[in-house]
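Go ahead and model the full structure; you've got the sequences and the hints to work with.
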Amino acid sequence: MTGANHAFPPNLRLKKAAEFKAVFANPVKSSDRYFTLLAVRNAHGHPRLGLAIAKKVMKRAVDRNAIKRTVRESFRLHPEMIADLDIVVLAKKDVLSAEPAQLKESLCKHWQRLSSRCV
RNA sequence: AAAGUCGGCCGGGCAGCCGCUGUGUUAUCGCAAGAUAGCAGGGAGGAAAGUCCGGGCUCCACUGGGCAGGGUGCCAGGUAACGCCUGGGAGGCGCGAGCCUACGGAAAGUGCCACAGAAAAGAUACCGCCUUCUCCCUUGGGAUUAGGUAAGGGUGAAAUGGUGCGGUAAGAGCGCACCGCGCAACUGGCAACAGGGGCGGCACGGUAAACCCCGCCCGGAGCAAGAUCAAAUAGAGGAACAGACGCGUGGCCCGCGCGGUUCCUGGGUAGAUUGCUUGAGCGUUAGGGUGACUUAACGCCUAGAUGAAUGGCUGCUCUCGACAGAACCCGGCUUAUAGGCCGACUUUUUCU
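So the first sequence is numbered by our numbering: it starts at 3 and just counts up by one.
List time: in silico DSS-like cross-link candidates among lysine-lysine, alpha-carbon distance up to 27 Å: (1) K70 x K23; (2) K94 x K58; (3) K70 x K94; (4) K70 x K111; (5) K57 x K94; (6) K17 x K31.
Quick caveat, the hints were computed from the structure, so don't treat them as lab data.
Given below as structure tokens:
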């Protein structure tokens with residue numbers, strides 16, 4: 003366990019509107035009752051993560067922040083599962099009623115599924 | 001001790017590991033801008049919320065005033081300002097500490113006042129009461145004519161002052177006393193208002209969160225404001241150079257039209273930077289003020305993100321943790337909130 007493997011610097015994030023657009027245009031999808039993930043293969047040599055938590059789904063800012071943290075944390079701690087993809091995570095309503103452990107498990111499955119399907 | 005009133009404060013704690021984001025500093029790389037790494041130190045709230053008021057700041061508009069529209073509304077003070085706060089007055093609630101109030105004007109005008117009731121606004125008075133005319137009838141009483149009344153009854157949220165005494169045919173502010181109301185002075189108070197006395201003798205029902213009238217206040221938009229830099233693409237104007245070039249027109253030349261290169265100006269999209277945190281700031285002490293607040297000295301720097309940081313895991317511990325996440329910044333208001341702490345005061349009970 004070295005620190006370098008679990009960092010989350012800015013270059014691993016999707017930032018620009020154009021980058022999000024590219025993912026939404028022609029993605030590989032993976033979804034369950036908590037999340038919908040969209041992914042596209044990139045040429046950067048590392049994965050990149052973007053979050054899209056709709057205000058409509060989660061009204062309170064506290065809830066939105068909490069979900070973003072959970073997703074980022076999972077992304078950061080499991081780089082070995084994730085191939086070089088641009089991924090956008092969309093949250094669903096059921097996230098609010100879920101246990102933290104269930105969310106983590108769900109996210110791990112998504113990382114592996116997307117990595118094996120986008121080749 | 002119990003019940004209660006008011007004001008203030010806190011919003012799990014500690015340790016380790018892994019992350020995120022500013023700041024300072026050191027090292028390495030780089031012409032530089034900067035990048036990477038190490039170390040140190042900072043990193044959500046009392047409401048950050050609702051966006052309901054008030055201001056700062058920015059851009060636009062602007063001579064001043066009026067109309068319209070909106071806001072506000074006992075008085076005085078505080079403040080940058082306010083619809084906020086403080087103190088005072090008035091009315092209401094509570095045994096009390098205390099709490100509540102959209103609290104200007106109904107004699108400028110208009111409207112409305114359901115149901116019930118005779119009548120809902122300057123009374124053609126329903127049941128009545130009293131006097132009187134005529135008739136019936138055994139005194140008593142009944143029917144009826146003309147008039148005087150508003151005490152009693154009944155309706156209503158509200159009925160044209162209230163209670164008592166006098167007075168009267170019966171009654172009535174008709175007269176008197178007290179209360180209430182109105183008027184002009186006086187006294188106290190900056191004022192709202194209060195006080196006691198005088199005069200009037202009932203005239204003036206309620207409703208202005210109904211229109212309205214009166215006093216005071218208000219230009220509009222908002223940090224996605226605004227400022228700077230500025231690709232690609234589109235492409236405006238000017239100047240200089242070349243005018244020996246190409247294309248079109250034409251049989252050819254001249255000419256005319258479209259093209260060239262360089263520079264300057266302009267435009268400002270994607271994007272980037274900035275605005276962005278030192279401020280009507282906080283703390284302590286001293287002075288002024290009943291208080292809100294204010295003055296002075298000294299000390300402190302306390303989030304600044306931009307797909308948007310302030311978190312995750314583990315261990316220990318307690319009373320097992322609510323409402324909830326900064327987005328330009330302040331002052332308020334309102335709403336949400338587990339649990340806990342402190343102070344002042346009130347009422348009741350017990351003990352000494």
